[in-house]
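Chains as they are written, first to last, in my numbering: chain A, 30 to 75; chain S, 82 to 391.
Honestly, the hints are just simulated from the structure, not real lab data.
A portion of the hints provided could be inaccurate.
[Unchecked claim] For lysine-lysine, the following BS3-like pairs were computed, each having C-alpha atoms within a straight-line distance of at most 25 Å:
| id | chain 1 | residue 1 | chain 2 | residue 2 |
| --- | --- | --- | --- | --- |
| 1 | S | Lys246 | S | Lys128 |
| 2 | S | Lys220 | A | Lys53 |
| 3 | S | Lys126 | S | Lys246 |
| 4 | S | Lys219 | S | Lys166 |
| 5 | S | Lys293 | S | Lys333 |
| 6 | S | Lys333 | A | Lys53 |
These numbers come from a predicted model, not from an experiment.
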Amino acid sequence: MDFSFTEEQQAIFDAVAEICEDFKSTARELTRPESTLGQYQGHEGL
Amino acid sequence: MGLGFMEWGIIGEMLSAACTTTGAVYGAHMLAMYPLMAFGNEEQKNKYLRPLATGASIGAMGLTEPNVGSDAGSVQTRAQLRGDKYILNGTKIFITNGGDAEIYVVVATTAPSRGTRGLSAFIPREGLSRVHLRQDEKKMAYNSLSNKELIFEDAEVPVENLLYKEGRGFRVAMDLLDVGRIGMAVGAVGLAQGAYEAAARYSLVREQFGRKISEFQAIQHHLANMAMDIECARLLARKASWMKDQGVEFSKIAAMAKLYASEMCSRVTSLAVQIHGGHGYTTEYDVERYMREAKLFEIVEGTSEIQRNV
Numbered sequence: 030m031d032f033s034f035t036e037e038q039q040a041i042f043d044a045v046a047e048i049c050e051d052f053k054s055t056a057r058e059l060t061r062p063e064s065t066l067g068q069y070q071g072h073e074g075l
Numbered sequence: 082m083g084l085g086f087m088e089w090g091i092i093g094e095m096l097s098a099a100c101t102t103t104g105a106v107y108g109a110h111m112l113a114m115y116p117l118m119a120f121g122n123e124e125q126k127n128k129y130l131r132p133l134a135t136g137a138s139i140g141a142m143g144l145t146e147p148n149v150g151s152d153a154g155s156v157q158t159r160a161q162l163r164g165d166k167y168i169l170n171g172t173k174i175f176i177t178n179g180g181d182a183e184i185y186v187v188v189a190t191t192a193p194s195r196g197t198r199g200l201s202a203f204i205p206r207e208g209l210s211r212v213h214l215r216q217d218e219k220k221m222a223y224n225s226l227s228n229k230e231l232i233f234e235d236a237e238v239p240v241e242n243l244l245y246k247e248g249r250g251f252r253v254a255m256d257l258l259d260v261g262r263i264g265m266a267v268g269a270v271g272l273a274q275g276a277y278e279a280a281a282r283y284s285l286v287r288e289q290f291g292r293k294i295s296e297f298q299a300i301q302h303h304l305a306n307m308a309m310d311i312e313c314a315r316l317l318a319r320k321a322s323w324m325k326d327q328g329v330e331f332s333k334i335a336a337m338a339k340l341y342a343s344e345m346c347s348r349v350t351s352l353a354v355q356i357h358g359g360h361g362y363t364t365e366y367d368v369e370r371y372m373r374e375a376k377l378f379e380i381v382e383g384t385s386e387i388q389r390n391v
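Next comes chain A alone, as it looks inside the complex (with noise of 0.2 Å):
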C-alpha cells in the first residue's frame, strides 16, 4: 500500500483539518453553553 500523498492532496488534508477545528470549536459553543464541570476542573472547553 502506498500512503503518499501529492501536495495538492496534502493541501485538500489540510483545508479539511481547517475545516475540522471550526466544527469542534462551533460543537463545543452549541452543545455546552453552560458548562459547569469544566470550569470546576479547571480545563473549560472540554
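Add chain S to chain A, keeping to what the hints say.
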C-alpha cells in the same frame, strides 16, 4: 483533483472525528455518487453526477424498506413500465440526507417474480413531485442528521433515468454496499479517534489522589489499547480503500474493515466514557454521545452479523 477512495476515506475519517453527523452526510452523499459514477451513462453523469461532484446538489440513496433490511434482495417498491415512463410505488426508510437531497438513487423491482434479478435502479429526479417525505426518524443519536421516509405514490420516472440495465439493480446495490462499507469503516475510525482524543485530554487534567489520572497505569493501559485498536481498524479501512483504487476485488476486505471498525468503535467509545468516570455518563461531556453514535456503525450498511456472512 486526483482523489481516489483512499483520499475520500481519509477526509471522511477527519470529518467524522470532528463531527460524526457531518461524516454521515458526506458518506450518504457518496451513496448517490458512486452508482452514477460506476453505472451511469454519459448523459446521466453530466446531468446528475456533475452537480453532486461540485457540491451544487446533495445526494441520497434509497434501498431499505419497512420490511426489507438485511435481506436487500427482497425489495418491494414496485416500478412498472408504462410507455416511456416507469411508475414507482412503495416506501423507502432511513434515507440519510432525505429532504435535503436533490438527487436520489433508489432500487425497485421491475419483475417481482424474478427476485434479485428483477431489481432495477432509478434516478427518480423528475418524479419527485409524487414522492412524499415523512418526518425524521427519532433515533438514539444523530439528532441533527436527516433520516426520512420516502414514499413513492405513482411517481413517474422517465426511462432515461433507469440506471444501468433493467434487472441489474441488485448488482448496483451490492457494489454500492461494498463501497458503503469502506465509508462506515472510516466513519467509525474517525468517531473512535475523536473519543480517544477526548479521553486523553481529560486524563491530562483530571486529578484524583493528588495526581493526574493519566499518571495511573490503569488509565495508560486503556489509552494504549484504544490507540492500538483504532490503528488496526484504520489500516483495514485504508487497505480496503487502496484495493478499491487498484481495481481489485475488495468485497471481503471492505466487510472486514466495516466489521472490525464498528465493533472497535463501540469498545473505544465505551472506554472513553469509563476514563471520564461519572462525568462521562452525563451529557456535560461529548463522550456519552460518542458511545450512542458508535452503536449505529454495528447496524447500518449491513449488520455485524451480515458482515461475517460476507
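So, going through the hints one by one against the coordinates:
no., hint, result
1, Lys246/S to Lys128/S, "holds, 18 Å"
2, Lys220/S to Lys53/A, "holds, 22 Å"
3, Lys126/S to Lys246/S, "holds, 15 Å"
4, Lys219/S to Lys166/S, "violated, 35 Å"
5, Lys293/S to Lys333/S, "violated, 43 Å"
6, Lys333/S to Lys53/A, "violated, 34 Å"
Hint compliance for this structure: hints 4, 5 and 6 are not met, and every other hint is.
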